[in-house]
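Chains P and G, in that order, are what the protein sequence lines are. Going by this note's numbering, the first sequence opens with residue 623, and the numbers climb by one from there. Going by this note's numbering, the second sequence opens with residue 9, and the numbers climb by one from there.
A few of these clues could be false.
Below, in silico cross-link-like pairs of lysine to aspartate or glutamate (EDC-like), each with a Cα-Cα straight-line distance of 20 Å or less [what the hints assert, rightly or not]: (1) K307/G x D187/G; (2) K1078/P x D664/P; (3) K812/P x E800/P; (4) K893/P x E266/G; (5) K1044/P x E747/P; (6) K1011/P x D989/P; (7) K893/P x E270/G; (8) K893/P x E323/G; (9) K307/G x E270/G; (10) K893/P x D318/G; (11) K1020/P x E1045/P; (12) K946/P x E747/P.
It should be emphasised that the hints constitute simulated quantities derived from the structure, not laboratory data. These numbers come from a predicted model, not from an experiment.
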Amino acid sequence: MSAESGTNFDEMLNADGSVRPAYAEYRQWFDSQDKSWLRRQDAEAERFFRRIGITFNVYGDDAAEERLIPFDMIPRIITAREWRKLTRGIEQRVRALNAFLQDLYHRQEIIRSGRLPIEALRNNEAFLSQMIGFTPPGGVYTHVVGIDLVRTGPDDFMVLEDNARTPSGVSYMLENRETMMAMFPELFTKIPVRPVSDYPRRLARSLRACAPPAYKGGKRPVVAVLTPGIFNSAYFEHAFLADQMGAELVEGNDLRVVDGRVCMRTTTGYKAIDVIYRRVDDDYLDPLSFNPNSQLGVAGIFDVYRSGGVTIANAPGTGIADDKAIYSYMPEIVEFYTGEKPILQNVPTWRCSEADSLGYVLDNLADLVVKEVHGSGGYGMLIGPTSSKKEIADFEQKLRAKPSNYIAQPTLSLSTCPIFTKEGLAPRHLDLRPFVLVSPDGIDITPGGLTRVALKKGSLVVNSSQGGGTKDSWVLDE
Amino acid sequence: MLGRGASGVFWMSRYLERAENTARLIDVGFHLALTRGNRQSQDEEWKSVLTTTGMLEDYCSKHTDFGGSQVFNYLLRDRDNPGSVLAMVENARTNARVVRTSITNAVWETTNEGWMHLRDLLSRPVRETNLGEVLREIRRIGTLVRGALEGTMLRNEVFNFSRIGTFIERADNTARILDVKYYVLLPSAAWVGSSLDNVQWDTLLRSVAGNRAYTWLNAGSMDPRGIARFLILDGQFPRSLVFSYDKIRSNMAGLAKEYGHEVPAHQLLRDAGDKLNQVTIEEIFEGGLHEFLQDFIGKTIEIGSAIAADYRFSE
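Whenever a hint applies, use it, and build me the whole structure from the sequences.
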């Protein structure tokens, strides 16, 4: 797209083609490797992923029900200094997100103060009236958050999106590292890379720290991962995390409410669960409180939740915080709850619900990225610079019909990092999703995260459902 | 463990066992087709393979003749056949995915890799020239997964449910194979001593991988009662009815020990097992071999259902 290589920031190379210090040791190693051996390792990695079943399902794609997310062997490297700043910014943002949710479902001070218009909540399906006046165990709303970051310059990291519902991809962060360590062990003896492998243990600890009032101590709180089942696109991850945490992997039909607790059907009877790490959407959680046709949830779980019988992570109704309409207010939100200027910037965003903004967006469609407010996964969006006249005209119709459904952002000159291709190294655009755990004990950020990379030259779309790949993400030790 | 998880490992093992037994039946059908020129008796052989696997009716609704490659392709890979070997291995793998957190990486990976390999092998019609390779691969998957279970799994409820699945299926399959062919073991004036008898008996033993063992135990001499005794009552032969029931009992005992109590299925199994251990081959023939096998198959189904209910496989 518009961001041709050379005009944007490259993670590995300076503008003059010299290697940046963070990549110096890696590049030296890479240049000394036999390229045909590297190619063999590449093929080996793919076999490895298939064998252990790290696949994702693509909806409506029958023939290739389970696909691999392509893995690129060139790591994305972040220096200790860069990471320190990111950590501070992420922590600030996640603290604000939780305070924001607590406020929205209680006194709504931010609306009273005029910093957030009430329209942002009205008719917003992500706002759950059932959560009003209720405080989740430990006061934690977003137990697991993924913050999508993009970079446009040496010191310019921006938040593209907050994922406060059920962010996925952490299994790729872990398996990518495992794969790299298996393929190139010597790299990790040469270069001090901060480990990520204890994420599942930290997740389990963090979830257990949020046990509900009904948990009376004694044995450790019982944690279960609730999955929609093997046909869900992220099933591998659900199973993987349950396995690594030593938690049960349950489906809706394993659960029922017994004596005011949510219980799972074991071979010897029903057994109470204290904390449910759910990977099903709010709407499917409880057919009694939400979508009555849901087969994925548990009838009555919401009443149990409200009466302190179970912890649901993330809390229902957190989606309002990562809604794209809310996103544009994040700078105000951060300032309102932390009293500080945001450390991480937002991408400039036009709210098409506002007449002035809409006018600007309509005049500049060919240069902008327009997103649906409630969309995800790169669907239902327009990337002006790569779209045909007809595509833009069609999109304009939709936009005019319901402006409040859209936001627009400038086409960013995203940073690139080389990937390994048949022809050698080639720069591709990428983003970074660090994973953040929140518990009453504090905020815990795993060093690194998931780097998603566009595999097509010039493409800015990194979503796995749209042909993006992933890289191992290294944070260097001090 | 979750009831659904118990069901998952149980069925994973059942499907793998059934796939392996179907492969062996196909092997025998093919072997006979090679040794017999007579088209009609070849057809009969394929028909009895289809009967044993319970697919004769479905097959006949789609095809009018019993050409060997048509039959084995139907049994191995026909997309419209929910009981094809490919579908069974797929089912086994799907169940393994469901219980991914209860089984070891080694068990999952062998199941998954076996499925991937078989899917590739069966992506094109199987010809007589590569049938042997395909059948070997199917048997290999079963062997490797059992080996991985044996070598890497904790000896706990998960392992026990898996073994129970294997041996419920095996008991059922051996009984069905015998039942479809029971008449070859009955005394018949016209057949006694004919070479046809020997071929039939050998076929029967082959379809449960028992020909070598039987020959070794009996110094090469074959007689119908001896064969029936071997397949039903021999506690050394790993595919006999008695052996399968012994294994189910010991794994059920493992569950009772782990859980600290028995369930109704235990009594059901104990009664059926005691009966099986006391009966003689003479009594079986007196009461009718066919009747005995029908009764046994029914009892095995009953025990399987009781286990599923007692251990809450589903709501």
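Right, here's what the structure says about each hint:
At most 20 Å may separate the alpha-carbon atoms for a hinted pair to count; K307/G and D187/G meet this at roughly 15 Å. The straight-line distance between the Cα atoms of K1078/P and D664/P is roughly 18 Å, inside the 20 Å bound, and the hint therefore holds. Annotation: proposed proximity of K812/P to E800/P holds, straight-line Cα distance about 17 Å (limit 20 Å). Distance hint between K893/P and E266/G is fulfilled; the C-alpha atoms sit about 17 Å from each other, no more than 20 Å.
For a cut-off of 20 Å, the pair hint linking K1044/P to E747/P is broken: about 46 Å separates their Cα positions. Taking the CA atoms of K1011/P and D989/P, the gap is about 12 Å. The hint holds against a cut of 20 Å. Pair hint K893/P plus E270/G holds up; C-alpha atoms about 19 Å apart against a cutoff of 20 Å. Simply put, K893/P and E323/G have alpha-carbon atoms about 14 Å apart, close enough for the 20 Å limit, and the pair holds.
In summary, the hint linking K307/G to E270/G is supported, as the alpha carbons are separated by about 19 Å, within the 20 Å threshold. Taken as a hint, the K893/P and D318/G pair is honoured in the structure, with Cα atoms around 16 Å apart against an allowance of 20 Å. Of the pairs offered as hints, the one joining K1020/P and E1045/P is violated, with about 41 Å between alpha carbons and a cut-off of 20 Å exceeded. For a cut-off of 20 Å, the pair hint linking K946/P to E747/P stands: about 12 Å separates their Cα positions.
The structure fails to meet hints 5, 11 from the earlier list, while all remaining hints are met.
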